[in-house]
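S.K.: Here is how the chains run, residue by residue.
There are 4 protein chains.
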Amino acid sequence: MNSKQEKIFTAAIEKFSQKGSTNTTMQEIAETAGVGKGTLYRYFKNKEDLIFSLIKYGIDEMASKVKEAVENVQDPVKKLEIVIEVQLEFYNQYRGFCKFLTREIWGPQSKFEEHIKEIRTNNTVIIEDIISQGIEEGKLKGINAELGAVSLSGMINITALHWFMFHESFPVEKIKENLISLYFDGIII
Amino acid sequence: MNSKQEKIFTAAIEKFSQKGSTNTTMQEIAETAGVGKGTLYRYFKNKEDLIFSLIKYGIDEMASKVKEAVENVQDPVKKLEIVIEVQLEFYNQYRGFCKFLTREIWGPQSKFEEHIKEIRTNNTVIIEDIISQGIEEGKLKGINAELGAVSLSGMINITALHWFMFHESFPVEKIKENLISLYFDGIII
Amino acid sequence: MNSKQEKIFTAAIEKFSQKGSTNTTMQEIAETAGVGKGTLYRYFKNKEDLIFSLIKYGIDEMASKVKEAVENVQDPVKKLEIVIEVQLEFYNQYRGFCKFLTREIWGPQSKFEEHIKEIRTNNTVIIEDIISQGIEEGKLKGINAELGAVSLSGMINITALHWFMFHESFPVEKIKENLISLYFDGIII
Amino acid sequence: MNSKQEKIFTAAIEKFSQKGSTNTTMQEIAETAGVGKGTLYRYFKNKEDLIFSLIKYGIDEMASKVKEAVENVQDPVKKLEIVIEVQLEFYNQYRGFCKFLTREIWGPQSKFEEHIKEIRTNNTVIIEDIISQGIEEGKLKGINAELGAVSLSGMINITALHWFMFHESFPVEKIKENLISLYFDGIII
DNA sequence: AATGAATGAGACTTCATTCAT
DNA sequence: CATGAATGAAGTCTCATTCAT
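Residue numbers (UniProt numbering), protein chains in the order written: chain A, 1 to 189; chain B, 1 to 189; chain C, 1 to 189; chain D, 1 to 189.
Treat the hints with care, as some may be off.
The list treats identical chains as one, so a pair stands whether inside a single copy or across any two.
With a straight-line cut-off of 27 Å between C-alpha atoms, the simulated DSS-like cross-links for lysine-lysine are [to be verified]:
hint, residue 1, residue 2
1, Lys-78, Lys-47
2, Lys-19, Lys-45
3, Lys-139, Lys-67
4, Lys-7, Lys-78
5, Lys-19, Lys-117
6, Lys-139, Lys-176
7, Lys-65, Lys-117
8, Lys-56, Lys-4
9, Lys-117, Lys-174
10, Lys-47, Lys-37
11, Lys-4, Lys-37
12, Lys-174, Lys-141
13, Lys-56, Lys-174
14, Lys-174, Lys-139
Keep in mind that the hints were calculated from the coordinates and are not lab data.
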């Protein structure tokens, strides 16, 4: 990735996570990134494009990390455990992005609703497929796979966000254990 | 509640849920409510106050419905079932509010962060208390009660929102069953 | 006409005639008119709308003055004389508008080209009709009426503009005589 | 003339005639000319200089064509006929320049007002001198020579522009005949 | 010499808020 | 009390110009 674009991305996430995308001005992003205001518009068509690119970049990044981690694992139960672990780690490492993402993904997407749907789907579908596989193999309960995937997504996302906002520390290991216990002892037959 | 204030609330939720609070102008709210722009400022100090009042009103409303429904029930397991049911029903009935709330509650609270924390806590604490009670009574697993509460909250909220946005219908009964199955068979010993 | 709109019109013509519409900022117009910047946008959708409204208003004004002056005259030659006189007087009285109009009417109309054509036509057609009438009555030479109308329009407009820019005074009477002599002794049989 | 400068001139006229000089960016001109943006600044001090150079180049070109064509002619009436013919031909051949010129020459000259005056004068004075000569020789009416020159200029310019904008074809011969008839039978004793 | 990435002044426009009616 | 015309701070975006390569 281009180094200047990277600086802009980093600056944007920092600001967006602190103040929300709507309350952050392009001016602020430029200053934080250490570039001129006009430079932002060389790399992104407009503010909306910058936001959308960030969402896409972040989700794709997370999704690919999850895919990679799960690739050579066969057991769907083990796979789900890895999903939880990787996502928690990702959120922990990129807390700003986590905050930013949660807001934007449920926001009024107006212009790029379709893209957001697609992006969001890409992420959820990974989990959904694992659950479907697990159900077929008789290792997981026969619940609605989509609902199972969305629920897990929501649990992880909201819990992480809650901890970032209400607690000083984020004990990934402890939270992971709890979430797995909570989600597994129900879903495993 | 004053009738004019109610009209404003209704109009605001309608607009906020469609376009987000930042993309909604006071003008639009006034027009939708059928009152003059200046009138909004008789009932609310400013836009921020209107947003905050809405959040508070909505959450308090939901919390009081939950409290009321749970009041005379002893069994914590039954209580949790009721929580899920009541919240799903509430979101279903006030879909606009559900969308609005999810965005705002995780948004950049800037000015009234403390109030939001308090409000959000009020809601989560109900669930947390039920879980604590259940653990003491030996009916629920000994997980971290706060995490259990936040997880449930997230599951319900995100799942509801997902269904509103990706599916035509919202089969409350079916979703309730699935969520209960998912959450219960794990948390119940 | 609304008094504030009139103030804006006057201010806009003053500025536009001095610096051209593109080099005049909405800020300047607001200041000159003694109103707030936002007020401009209560009366006009945007800058383009303001420019277009001015053109339309001015041309309609001039056309209606011409029509009125010519109404009860029968002789087409006398009519043409009146046209020249009225237009010169109009340009003389509203020099700023004359400058502004000449630039805009031949400018890159982009968005409202069709409207401009219509407006410009409305004005030229009055002269064209008089010429056609004169030809039918055998009092004017059988030249192309449209060309005759456009030529006269151009002569008047460019001559007026030239005098405003290169001479201190604008001797309407003298110029009128010269133009009539020039245009008449050719067109009259 | 340098070949790269010529490419820039051609590109600039094309764009200016289409969108007006203010609505054309240096970027666009560079792209159309097939050179880098920075190169424009090797050949012209800035955008204003480019515009001014174009005006000067075009008018000088036209004026020299007129001068050349008129050089060995004695009769002032014949001279005027040639002026009309040459200018119409010139406009017809360089329609884009005709549009561009008409706008700019009457535009808000701000920075180079004096130069424009000089340039414009150069052109008008040729006609003015012919008229003066004709008056002295007793072949033309004793009207104000400057007004006669400006009027003819205006007639030709505006008529040409009108035909470019409102009609598909530009029948030079027909228009020439009409203009000569119109202008001559009045100005010739 | 030629290029085009980078810059930032400045333009247009929106909208929360005020206040005279 | 209610209204909506008026305001101007502030935001997004454009584009002439510079300068390192």
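S.K.: Against the structure shown, which of the earlier numbered hints fail to hold, in ascending order?
M.R.: Those not satisfied are hints 1, 4, 13.
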